[in-house]
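Participant: Working from the sequences, and respecting the hints, build out all of it.
Protein chains in written order, with this note's numbering: chain H, 1 to 216; chain E, 1 to 216.
It should be emphasised that the hints constitute simulated quantities derived from the structure, not laboratory data. You may find that some hints are simply not true.
Identical copies look the same in the list; a pair holds intra-copy or inter-copy alike.
Unchecked claim - Pairs of lysine to aspartate or glutamate, DMTMM-like flavour, derived with a Cα cap of 25 Å: (1) Lys-35 / Glu-187; (2) Lys-38 / Glu-187; (3) Lys-130 / Glu-195; (4) Lys-130 / Glu-152; (5) Lys-38 / Glu-195; (6) Lys-35 / Asp-115; (7) Lys-38 / Asp-172; (8) Lys-130 / Asp-111; (9) Lys-35 / Asp-206; (10) Lys-35 / Asp-172; (11) Lys-69 / Asp-111; (12) Lys-69 / Glu-147; (13) Lys-134 / Glu-152; (14) Lys-35 / Asp-144; (15) Lys-69 / Asp-206; (16) Lys-69 / Glu-39; (17) Lys-69 / Glu-48.
Protein chains: 2
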Amino acid sequence: MGTELSEEERGGERLALGVAARLSRYLQVLTQARKMGKETISSQELSEYTHVNPTQIRRDLSGFGRFGKRGVGYNVDGLVTAIRDILRTAGQHNIGLFGAGNLGKAIASSDMFADHGFRVVALFDSDPAKVGEKVGPHEVRHADSLERAVVEDEIVVAVLAVPAAAAQPLADRLVDAGVRIIFNYSETLLQVPPEVTVHTSSPAVDLLYALYFYLT
Amino acid sequence: MGTELSEEERGGERLALGVAARLSRYLQVLTQARKMGKETISSQELSEYTHVNPTQIRRDLSGFGRFGKRGVGYNVDGLVTAIRDILRTAGQHNIGLFGAGNLGKAIASSDMFADHGFRVVALFDSDPAKVGEKVGPHEVRHADSLERAVVEDEIVVAVLAVPAAAAQPLADRLVDAGVRIIFNYSETLLQVPPEVTVHTSSPAVDLLYALYFYLT
Numbered sequence: 001m002g003t004e005l006s007e008e009e010r011g012g013e014r015l016a017l018g019v020a021a022r023l024s025r026y027l028q029v030l031t032q033a034r035k036m037g038k039e040t041i042s043s044q045e046l047s048e049y050t051h052v053n054p055t056q057i058r059r060d061l062s063g064f065g066r067f068g069k070r071g072v073g074y075n076v077d078g079l080v081t082a083i084r085d086i087l088r089t090a091g092q093h094n095i096g097l098f099g100a101g102n103l104g105k106a107i108a109s110s111d112m113f114a115d116h117g118f119r120v121v122a123l124f125d126s127d128p129a130k131v132g133e134k135v136g137p138h139e140v141r142h143a144d145s146l147e148r149a150v151v152e153d154e155i156v157v158a159v160l161a162v163p164a165a166a167a168q169p170l171a172d173r174l175v176d177a178g179v180r181i182i183f184n185y186s187e188t189l190l191q192v193p194p195e196v197t198v199h200t201s202s203p204a205v206d207l208l209y210a211l212y213f214y215l216t
Numbered sequence: 001m002g003t004e005l006s007e008e009e010r011g012g013e014r015l016a017l018g019v020a021a022r023l024s025r026y027l028q029v030l031t032q033a034r035k036m037g038k039e040t041i042s043s044q045e046l047s048e049y050t051h052v053n054p055t056q057i058r059r060d061l062s063g064f065g066r067f068g069k070r071g072v073g074y075n076v077d078g079l080v081t082a083i084r085d086i087l088r089t090a091g092q093h094n095i096g097l098f099g100a101g102n103l104g105k106a107i108a109s110s111d112m113f114a115d116h117g118f119r120v121v122a123l124f125d126s127d128p129a130k131v132g133e134k135v136g137p138h139e140v141r142h143a144d145s146l147e148r149a150v151v152e153d154e155i156v157v158a159v160l161a162v163p164a165a166a167a168q169p170l171a172d173r174l175v176d177a178g179v180r181i182i183f184n185y186s187e188t189l190l191q192v193p194p195e196v197t198v199h200t201s202s203p204a205v206d207l208l209y210a211l212y213f214y215l216t
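Facilitator: Next up, the structure:
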């Protein structure tokens, strides 16, 4: 009780979706706070930015052995490390980024992934006119070379910022090349074998979600 | 039991974060499915793309009166409408988009927001060199005119795709102008009054979250 997570929340050997989702939200805010040089944060502040109520936040974190100091809050650095440990995602993960359009360029030029241990090691496009173009620290490569790049650059995650029609054929090649995690920004439902994880990101649905919390 | 949501999941007058988050995930996948012309979808398929287990999905949806047909699944169109109703976010919402860099351009050129009832009605930048530039159907306006635009264009949501240093001063002006929902892509923790909802989106943290489900 109190500091314990329920059986359902622990979800057996892996965290339940709800817990993992809340921890991810805490991590988003903590990363921003760290970037701004903030050393401590209260459960109340975390609550304002995550829409999770402060009691739930304290319960989640104390369940993992993290306790805030009364009147001070949680140590930001320590909490970032702890959550990344809980999510077992510490370490370095290499990303292959596909699509050098506006979205691909925004991702390639940003350090948002680097802050979380992801490194964009290669940027691809299938348009010959874009190949060779410099985007941030990257030079756009032709997507024809992806199989070799997956092996040589040890790419574990593919981020797809390509048009809908290009997504499935590209996913097929990536899966054949050994990629097991695909982060899909295209508006296509990808068909992949069960050993491959597809994650869909939709800012518009995130926005609906934010709107819901505003309206209620 | 069974089809009922627990007291905690109902969370009183508003949905608990966990339920709202799951519904948002279903909606992401359903929207992609609809775009591809798919008419029905099974709880098993929804599960593969959302990482929510099929039993939980059936429980969530039957709790809101939606039942799939055995061997056929759920009607995609009907479920999209039902979830938007549950999230009370049906209708049209006008967006003011700030920042005409790569990310801002990607958002402005995409129809992803339109699919969910959001309409980008104005695109702003503070760089005079960008003002007047055409981006998709938009002409970039100077951010100086935002106060008038908020009123005239009935902007209810501001999307911030601006550098970290620009975000807080911009948020202050938006709040003064009457905007109550800010969708923040900048790497800054915004300070806003309690009546304003800030939503933070971080693709990198989403990716960590996907990685977690792959690793476990």
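Participant: At most 25 Å between CA atoms: does that hold for Lys-130 and Asp-111 within a copy, between copies, both, or neither?
Facilitator: Classified as both: same-chain Cα gap 22 Å, cross-chain 23 Å, threshold 25 Å.
Participant: Check Lys-69 against Asp-111 for me: Cα-Cα at most 25 Å, and say if that holds within a copy, between copies, both or neither.
Facilitator: Result: close neither inside a copy nor across copies, 31 Å intra and 46 Å inter.
Participant: As a check of your reading, is Lys-35 near Asp-206 (CA-CA no more than 25 Å) within one copy, between copies, both or neither?
Facilitator: Intra 23 Å, inter 18 Å, cutoff 25 Å: intra and inter.
Participant: If the cutoff is 25 Å on CA atoms, where do Lys-69 and Glu-39 land: within, between, both or neither? Let me know, please.
Facilitator: within (13 Å within a copy, 53 Å between copies)
Participant: Have a look at Lys-69 and Glu-48 and pick one of within, between, both or neither, based on CA distance no larger than 25 Å.
Facilitator: Only inside one copy: Lys-69 and Glu-48 sit 18 Å apart there, 40 Å across copies, limit 25 Å.
Participant: Cα distance capped at 25 Å. Does Lys-130 pair with Glu-152 within a copy, between copies, both, or neither?
Facilitator: within (22 Å within a copy, 40 Å between copies)
Participant: With identical chains treated as interchangeable, where does the CA-CA distance between Lys-35 and Asp-115 reach 25 Å or less: within a copy, between copies, both, or neither?
Facilitator: within (9 Å within a copy, 33 Å between copies)
Participant: For Lys-38 vs Glu-195, is the C-alpha pair at or below 25 Å within one copy, between two copies, both, or neither?
Facilitator: For Lys-38 and Glu-195, the Cα distance is within 25 Å only across copies (23 Å; inside one copy 40 Å).
Participant: Cα distance capped at 25 Å. Does Lys-69 pair with Asp-206 within a copy, between copies, both, or neither?
Facilitator: neither (32 Å within a copy, 29 Å between copies)
Participant: How would you classify Lys-134 and Glu-152 at a CA-CA limit of 25 Å: within, between, both, or neither?
Facilitator: within (21 Å within a copy, 40 Å between copies)
Participant: Under a CA distance limit of 25 Å, which applies to Lys-35 and Glu-187: within one copy, between copies, both, or neither?
Facilitator: between (32 Å within a copy, 7 Å between copies)
Participant: When Cα atoms must be at most 25 Å apart, do Lys-38 and Asp-172 count as within-copy, between-copy, both, or neither?
Facilitator: Cα proximity of Lys-38 and Asp-172: across copies only (20 Å, versus 44 Å in one copy).
The structure is inconsistent with the numbered hints 3, 11, 12, 14, 15, although it conforms to all the rest.
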